[in-house]
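For reference, the chains in residue letters:
There are 2 protein chains.
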Amino acid sequence: MDIQQLVRELKTENRSKIVMLVADGLGGLPVEAGGPTELEAAKTPNLDTLARRGVQGMMNPIAPGITPGSGPGHLGLFGYDPVKHLIGRGALEATGVGFKLGPKDVAVRCNFCTLDAAGNISDRRAGRIPSEQSGPLAVKLRDIKIPGVEVFVEPVKEHRFVVVFRGEKLGGNVADTDPQRTGVPPLAPVAHDEPSRRTAEIAKEFVVQAQELLADQPKANGLTMRGFSAAPVIPSYEEVYGLKAAAIAVYPMYKGLAQLVGMEVIGQPTSLSEEIDVLEKAWNDYDFFFIHFKYTDSRGEDGSFPEKVKMIEQFDAIVPRVMALKPMVLIVTGDHSTPARLASHSWHPVPTLLVSETCRPDGLTAFSEKTALHGGLGHFQAVYLMPLALAHAERLAKFGA
Amino acid sequence: MDIQQLVRELKTENRSKIVMLVADGLGGLPVEAGGPTELEAAKTPNLDTLARRGVQGMMNPIAPGITPGSGPGHLGLFGYDPVKHLIGRGALEATGVGFKLGPKDVAVRCNFCTLDAAGNISDRRAGRIPSEQSGPLAVKLRDIKIPGVEVFVEPVKEHRFVVVFRGEKLGGNVADTDPQRTGVPPLAPVAHDEPSRRTAEIAKEFVVQAQELLADQPKANGLTMRGFSAAPVIPSYEEVYGLKAAAIAVYPMYKGLAQLVGMEVIGQPTSLSEEIDVLEKAWNDYDFFFIHFKYTDSRGEDGSFPEKVKMIEQFDAIVPRVMALKPMVLIVTGDHSTPARLASHSWHPVPTLLVSETCRPDGLTAFSEKTALHGGLGHFQAVYLMPLALAHAERLAKFGA
Chain A
1 MDIQQLVREL
11 KTENRSKIVM
21 LVADGLGGLP
31 VEAGGPTELE
41 AAKTPNLDTL
51 ARRGVQGMMN
61 PIAPGITPGS
71 GPGHLGLFGY
81 DPVKHLIGRG
91 ALEATGVGFK
101 LGPKDVAVRC
111 NFCTLDAAGN
121 ISDRRAGRIP
131 SEQSGPLAVK
141 LRDIKIPGVE
151 VFVEPVKEHR
161 FVVVFRGEKL
171 GGNVADTDPQ
181 RTGVPPLAPV
191 AHDEPSRRTA
201 EIAKEFVVQA
211 QELLADQPKA
221 NGLTMRGFSA
231 APVIPSYEEV
241 YGLKAAAIAV
251 YPMYKGLAQL
261 VGMEVIGQPT
271 SLSEEIDVLE
281 KAWNDYDFFF
291 IHFKYTDSRG
301 EDGSFPEKVK
311 MIEQFDAIVP
321 RVMALKPMVL
331 IVTGDHSTPA
341 RLASHSWHPV
351 PTLLVSETCR
361 PDGLTAFSEK
371 TALHGGLGHF
381 QAVYLMPLAL
391 AHAERLAKFG
401 A
Chain B
402 MDIQQLVREL
412 KTENRSKIVM
422 LVADGLGGLP
432 VEAGGPTELE
442 AAKTPNLDTL
452 ARRGVQGMMN
462 PIAPGITPGS
472 GPGHLGLFGY
482 DPVKHLIGRG
492 ALEATGVGFK
502 LGPKDVAVRC
512 NFCTLDAAGN
522 ISDRRAGRIP
532 SEQSGPLAVK
542 LRDIKIPGVE
552 VFVEPVKEHR
562 FVVVFRGEKL
572 GGNVADTDPQ
582 RTGVPPLAPV
592 AHDEPSRRTA
602 EIAKEFVVQA
612 QELLADQPKA
622 NGLTMRGFSA
632 APVIPSYEEV
642 YGLKAAAIAV
652 YPMYKGLAQL
662 VGMEVIGQPT
672 SLSEEIDVLE
682 KAWNDYDFFF
692 IHFKYTDSRG
702 EDGSFPEKVK
712 MIEQFDAIVP
722 RVMALKPMVL
732 IVTGDHSTPA
742 RLASHSWHPV
752 PTLLVSETCR
762 PDGLTAFSEK
772 TALHGGLGHF
782 QAVYLMPLAL
792 AHAERLAKFG
802 A
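Those protein sequences? They're chains A and B, same order as listed.
Residue 45 in this note's numbering sits at position 45 of the first sequence; the count goes up by one each step and never skips.
Residue 746 in this note's numbering sits at position 345 of the second sequence; the count goes up by one each step and never skips.
Think of the hints as simulated: they come from the structure by calculation, not from any bench.
Don't take each hint at face value.
[Stated by the list, open to error] Capping the alpha-carbon separation at 30 Å, the derived lysine-lysine pairs in DSSO-like fashion look like this: (1) Lys84/A x Lys799/B; (2) Lys727/B x Lys370/A; (3) Lys157/A x Lys412/B; (4) Lys157/A x Lys799/B; (5) Lys444/B x Lys370/A; (6) Lys412/B x Lys294/A; (7) Lys84/A x Lys485/B; (8) Lys799/B x Lys310/A; (9) Lys799/B x Lys370/A; (10) Lys104/A x Lys799/B.
Please put together the full structure from these sequences, using the hints given.
Written as structure tokens, this is what we have:
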């Protein structure tokens, strides 16, 4: 069953507000046998209070055993089947630097590299050139002009940058030009299908002009291109759910992901507290708010259990400000688990809490992996979270008479 | 979502070992209201110890309410959608006697029958002719020669035997020739599609020659043919999971099922203890081991609760030998439930335990139907078991960036 299609048909409108609070990488693991997870170790009085009124469950972002990247993890949370709606690497990288991809765009992830006198790659990452040097070089490449197509170049970090070609009927199916080794020249861009032939020609021309512009550089005098990808075609929140949705995030990647599903990115917060300021100001203007908190994932990726615990406690501390706005539905979840013990994203399901007047209480009095396991939502796939939110917001009609 | 396809794309290789211990028909039922199941009644100190480190769940081999045969039950455990990958009855019967089916084979399940002077069936099972008499008759049929096709005949039991036709482009879609009643002659083999016409002709010729060879038999002077089926086309464990897999089993059926998914059948054990001997010897040569224990199912099918309890205790007793090998992931499960009270396979979900360093503990301290119900794996379909095993073995890459 395509649950999103069903929801699209059943959606109704009202004035209810839904808030989705995402603590990135929320789920964790004990460090020692018998010990608590990060969420269990954290003091979360506000979430625990909500647990008494809400309903919990264990959410699989994709499917049991599958570890999600940030792209698929968020698409799942937003209710889009992440396997059906693939985001190519180029598109994700462009999204990650806040570039708003349109339907005529093909995005490419590029690396500066060092070429020797014979044109062979001597360093695939241009000596990991620092961002202060590579940024201006990427900007310089904006001088490239190719007839019939707009070219955008965005610096990323160190040797990495993003190129977007915007034009009519450009295919995204072009092979990587990185030969994955040194001592050979970069590969020519090769199209894998008919609509991508023109993209490959454009990419070739881009490389020629870029090498001229970079000719006098000591390290970054060449480039390789990877992950060519057309912008994903994703129906918007408005279309699918009838929700006017806002995204509040600090990092460009999450703003970009929210934009892909038609959310409006609001404010320019630099902290969780500022994110809630933005929420408060915009409260009357939207139906749905996605609020992204990055640092639970960051400290998990760092492998720091105590720091991730602290981040969870910071996250808990802003909950009363959100509840003071009286959302009809509050969701607290993560896009995946990032156990400090593994210092990486993992496949473990994510404890999830939904709070609303119409919850059927599950008798739980705290919010954690241990409690979520016994919650009223059971184990469920992320794509069911939005339908559940809409139901509790009384925004879904009965199916059938 | 096709989870197996996703896993195929995400698989990575390492040197981890995965062991899947299958106690056939493991799940049970209480005999009396309030009483324990077989697994709950059994003393299983070793499994209970593992429960503290592992994570449990309730597995549906096919779907809630569906009772699996051995074929679909094992295909599900192996991660293949059992509804998509159907094994025809002929193919299953051939597999069950250890016949290794190839891509050019059509297998047929045959019954000896008794024909009267007019050629009508007087006994559909040839008086349930004992195996000692029917075996040599089946072997005699190996004299049948049909141009352009190889013919294999394998005795099964009593009136049953298997015929395999091997040749180019043989369809498997031929109707049964058993009229399901006496007083009429066997039906002629009728093809249901174009590629099966030749198979039907070959089957007709087989019957003609067989009746000549059997003409002087008092009971088994005829035959009927059922369940024509081409060998199922199933991608191998190597292809799908990147695992070099070994199967250790006593009974031909399970060896055959493992062979269908490309496992190598190793050793010739005659008991569970010998199966573990085989495991120990082969430990360095494979990534994945499927170990099949038959007698939990056999005693369940016999309707003997206390005997099934004993078998579970025997199964528990070998666990320390397996754990001494330090598999990165151990799975303990069954291919279906076989409650002694029902004396048959049943639809009840199967308690399943996964043990690995990266499990998120679920606080359980014993392994049973009662505990599995509250386990960290929740209720899940069998096809997710292999993805979970691979994830805990760190053999799956992140999905998306």
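Here is what the structure says about each hint:
no.	hint	result
1	Lys84/A x Lys799/B	holds, 16 Å
2	Lys727/B x Lys370/A	holds, 27 Å
3	Lys157/A x Lys412/B	holds, 29 Å
4	Lys157/A x Lys799/B	holds, 22 Å
5	Lys444/B x Lys370/A	holds, 27 Å
6	Lys412/B x Lys294/A	holds, 28 Å
7	Lys84/A x Lys485/B	holds, 20 Å
8	Lys799/B x Lys310/A	holds, 26 Å
9	Lys799/B x Lys370/A	holds, 25 Å
10	Lys104/A x Lys799/B	holds, 28 Å
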